[in-house]
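*Asks:* Next come the chains, spelled out residue by residue.
Protein chains: 2
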Amino acid sequence: MDNWYWDLSVVNRAGQDRTVRRESGMKMKRHSSVSEDIEFIFTPLVVLELAKDTNDKAIEWFTQRIKEKKHLGGAHLKIKPMDDQAGNSQVYLLGASWRRLLVGAEALGLVKEYQDGSMRAFTYQNKEDYKYFSGDSYDFLTMAERQYIIKRELENLRAIDETMVPGHPQAKLYPGKSIIRRLQTSGLLLQLYPLHNKIELEKLSSIWYKRFHVALQPLNDIDKYFGQNIALYFAFLEYFTIALFPMALIGVPYYIFAWEDYDKYIIFATFNLLWSTIVLEVWKRWCAKLSYNWGTLLMKRKFEEPRPGFHGQLGLNPATGRKEPTYPNYKRQLRIYLISVPFVCLSIYISIFVMMIYFLMEDLARVYNNEVQSHFSSILIFCPSIFYAVVIEVMNRIYKYAAEWLTSWENHRLESSYQNHLVLKVLVFNFINCFASLFYIAFVLQDMKLLRQNLAALLITSQILNQFMESVLPYWLQKHRIRRIKKKLHITSIEKLPLADQIQMQGEMGQYLGTFDDYLELFQQFGFVSLFSCVYPLAAILAVLNNITEVYSDALKMCSVFQRPFSEPVADIGVWLIAFETMGIISVMTNCALIGISPQIKDLFHTNGIELVLLIVAIEHALLALKFILALAISDIPSDIRTKVAKMEFESLEAFKRKQIKEADESMEMEEQLEKTWEGKKKI
Amino acid sequence: MDNWYWDLSVVNRAGQDRTVRRESGMKMKRHSSVSEDIEFIFTPLVVLELAKDTNDKAIEWFTQRIKEKKHLGGAHLKIKPMDDQAGNSQVYLLGASWRRLLVGAEALGLVKEYQDGSMRAFTYQNKEDYKYFSGDSYDFLTMAERQYIIKRELENLRAIDETMVPGHPQAKLYPGKSIIRRLQTSGLLLQLYPLHNKIELEKLSSIWYKRFHVALQPLNDIDKYFGQNIALYFAFLEYFTIALFPMALIGVPYYIFAWEDYDKYIIFATFNLLWSTIVLEVWKRWCAKLSYNWGTLLMKRKFEEPRPGFHGQLGLNPATGRKEPTYPNYKRQLRIYLISVPFVCLSIYISIFVMMIYFLMEDLARVYNNEVQSHFSSILIFCPSIFYAVVIEVMNRIYKYAAEWLTSWENHRLESSYQNHLVLKVLVFNFINCFASLFYIAFVLQDMKLLRQNLAALLITSQILNQFMESVLPYWLQKHRIRRIKKKLHITSIEKLPLADQIQMQGEMGQYLGTFDDYLELFQQFGFVSLFSCVYPLAAILAVLNNITEVYSDALKMCSVFQRPFSEPVADIGVWLIAFETMGIISVMTNCALIGISPQIKDLFHTNGIELVLLIVAIEHALLALKFILALAISDIPSDIRTKVAKMEFESLEAFKRKQIKEADESMEMEEQLEKTWEGKKKI
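Going down the list, the protein sequences come from chains W and V. Reminder that position 327 of the first sequence reads as 562 in our numbering, one-by-one numbering, no gaps. Reminder that position 420 of the second sequence reads as 655 in our numbering, one-by-one numbering, no gaps.
Please note that the accuracy of each hint is not assured.
Chain copies aren't distinguished; within one or between two, either way the pair holds.
In silico lysine-lysine, DSSO-like type, Cα no more than 27 Å apart, as pairs [claimed, not checked]: (1) 445 - 714; (2) 347 - 892; (3) 347 - 894; (4) 524 - 537.
These aren't lab readings, by the way, just hints derived from the structure by calculation.
Let the sequences and hints guide you as you build the complete structure.
*Replies:* Quick look at the structure:
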């Protein structure tokens, strides 16, 4: 049994309390330092899985490079092989000393809380001045941060003068190439994922979702365990749900009393539109507050490396001077405009074609119902809607795979550019696919009853399907797998599994593919709630109910269905905010138009249709203008955080100035003295 | 005669060539260092005028503080009194050694061209690595930069433990209060302005405006002499004029062939709208290019001090920890919403009332013309338009004074906030005051002929009035004054005036109050050109002609009518870009509406008015969407500048990282070594 392995099991048993754990670690260290070196407190943080057929030379070289000191071009991490391996791969565990992690935290520009309560970029030399820092404590950095540091250090491990991975001539290297990325693309690196921590996970899930209680989510704990991107998603989900509450409450009387007066609907729609604007603006403030406290608001943007899949002829990056693949921009543009754009158009055409089939079926079902008038036929009349909703979801999923493939084929250099193109492709299609039939019913058929029925069918079906596909199905598969493992190993609880088996189990779990699908789901929901809000006020209630269960099922998914994901320090929800804002603008138009075509309003203006249209257009422009003014008037960052940031900036500026004045004064005087001496000599 | 004074007159005589000037300075210095100290090459840069009744103690204290070294809390500048003074004030000349100026350049974060052609923040210690730097040369910093440095150093001269200006108990001071600002607010400091340089000015004006020639303006020279804010205004004026060329060219055939077909006007309007969007987007790129080369794009935003007029109870600034006046925000909001907003509304009401009077007069004139049909009456018919145009300009000017007073009374803490409120107030009123009558004619009266006539009258009258008020009148007054001075001193040319008289003359010149009015004029012009472009294509030609003379008259104004202004490092035209973009959006709406109400289009759709309105609205939305997409698609900063900036950022990041790795590695190893020793001791 390896010493580090023993350490981990002790730690796991030592249990609940972090302080206990740290103290036990300390005691152990001091006690055992008599016979062993400092390395024994190795705590595995990240799992690295290499292909079985990896050459021994490659492994030796790779582990050597990982262990090497930073100034010798290594990553200065610790790596240990797992001994008892059954599968067809080689598993390694990665860790680092706490000092190495602190240095890494500085290199990545992590921001931590300072003694005076402000957030500052961490520096190793002033480590003692940060709050919560105490001696050789691991807890100063959250586990998510430690794992993120290891991941980034691995990615920054670059080839020096190697031309290939030893023993694998097909895996070419050149100076400056990230080794881990080459191993990934050449298929030698199978998996790289952070380890779960049983105790922490248990603690988190018990306060998060394991018992039903009315409380806000433990966002700070989620941030500590999963990192900022996941925590921000759950914060947004929670915030959005709470923001829907007023809409839902106001919607109730409309449903109960079956209010159909259009003056009431106008009030509802106007309230809805202004509310949605304010909600998004206030979210920016809330998000700034969260990301300030989590340290990402002040984190400097890192220099973006080419994404792993990017390929092309080797050239020089004009900014970094490093060798890297280059790909001419015009070729990418050609691919986008000649292939991707036509593909998106074709997909939209197909989606609209399917919609027309649905309307045909809808007609058939209605005719059949009118003829037969049976119990069966009255159920049958709902079938086309539900069937169409299922088809929409299926098409969305198929399209997304195609979009991912296409965007990857477009060969974008940066991950951010890839993401933007992917999000744009998916959003445009999803918008049309989900809402085209509603637009058709609303503005071509002008059948408000059918619109309401269809909206309800689409909303409910898509919510049920999503919950099932995203959480219930994976959870069931996971349960099944655990049962199989239990049977195989003849045990009753997986809690007491030895570490090696636990790691093997985590390795077999699915990979969490990011928050894209989760945000997309919320985006669709926002569309259902806001686009036609004035004909179906109940939508908000359904959305609230869905989101409450969504919190639980997403939490379950994160904690026990998927592999733990690496944290990503982000300061906001990025492109999704723009997507939500765009939806808000479109919903102003649709709601105004809906009110304009409503029979009640039309009756009011029956003598002069043009006046009505002009009035509606004027109202729409006024609402849009109001939206923009509101967005401008509400500051994106709360004033207390702005003051804190300004204070820090001012202090560092002042410190810099003082240093500058001193240096410049000194060198100025020295130079002037020299000159005078020179003049004096000349005089003589 | 003072030695410094003699030096300047030598320099002035030495004449045209900078090199000559520097060499003569060098020779003189070396030659005369035998008998005199290093200070004799004092070149006056800035003039400071104190009130005649300033206490001698105050003057002594103030000059002492100005001369004091930086680390002793002074400004470390040079100050000399002017001897032969006639007026009722005391005039001082300020300068600084070239070393002091270089240190100041570093402190302000000025950005200069590096050896490798990139732009970098200047540092005194690496001064030799910057392009164009040579020995003790003054020319490395432009004169505008040198004067800006002196101004900023003066503003940053702060009270240490003084409680008042000596001898002036009413001028209270507290630690950290800017001395110069207190002198300003207590009326002791009458003027502070940079000196003109006869030779440079002569050179600049000869290539800029003194001879008529077809060429672009010498923007880099303007930047060097007047600084970035003035240079950017002239760059924008030039760019905007050139951008209007295509519009003007296309407008010509419409005027010549009297095209009235609305299909042609639709083409013209659509082209106009897209053109205006692209023009503003391309301006951002051009502006980024200019401000990169002038060093302001990369300049860090400085910490904003409270504006001079800001007053309130003494409190602590939470960000800087310095004492400064504080004023509760709610009081400011009350002033804004209870006084300023009603005032703006009242002004708008009056403006509209005046407009109604104009329409009454217009009617009367027409009726009279129809009755009398004389030569006189046909001239009379143009009078109301012209008279109204004059009244509009007068109201604009009166309103602006009121707005300035009100905004100042609102007591904004920051200059930027003051400017934003002022610009908003002025723009809203100006927009309604200038264009309300046009909107009324276009959409209420729907009289296209009257609209065209009115548009022409307003545009031409406002342009003539502006040129007269802004340039011709001040120039004439200045000429008059110079003639008076010549008579008084019995000389024929002011070129040969002694320095003291030159300075006195500059002191009597008016103060240039910033680019506000100039941008406002362009903004109005943009409105006239774009809002109703489809009924009066000739507007663009008139605007082009006006702008060509505007360049000349503005240049004249800058060079010989007003005091030289301090330069201000700005990277863009700020809030004006937003104003122009908003105007662009509004003009999409007006042009679409104009096309919609045109008789020809109405005839096409005479059976179905609603369809026409819906079509127009759809086109408007599509055009607005296209505008946004274009604005997103065109990158604001050209890619070559982005690469340069990225390269610099990457290099400084890498340098920082290398330093960090080295330091951290060292201290880590040291700490580990220590720990091992400690463990070893324990073992023993």
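*Asks:* Does each hint fit the structure? Answer for all of them.
*Replies:* For each hint, the structure was consulted:
1. 445 - 714: within (16 Å within a copy, 87 Å between copies)
2. 347 - 892: Both, since 24 Å and 19 Å are each at most 27 Å.
3. 347 - 894: both (25 Å within a copy, 21 Å between copies)
4. 524 - 537: both (21 Å within a copy, 24 Å between copies)
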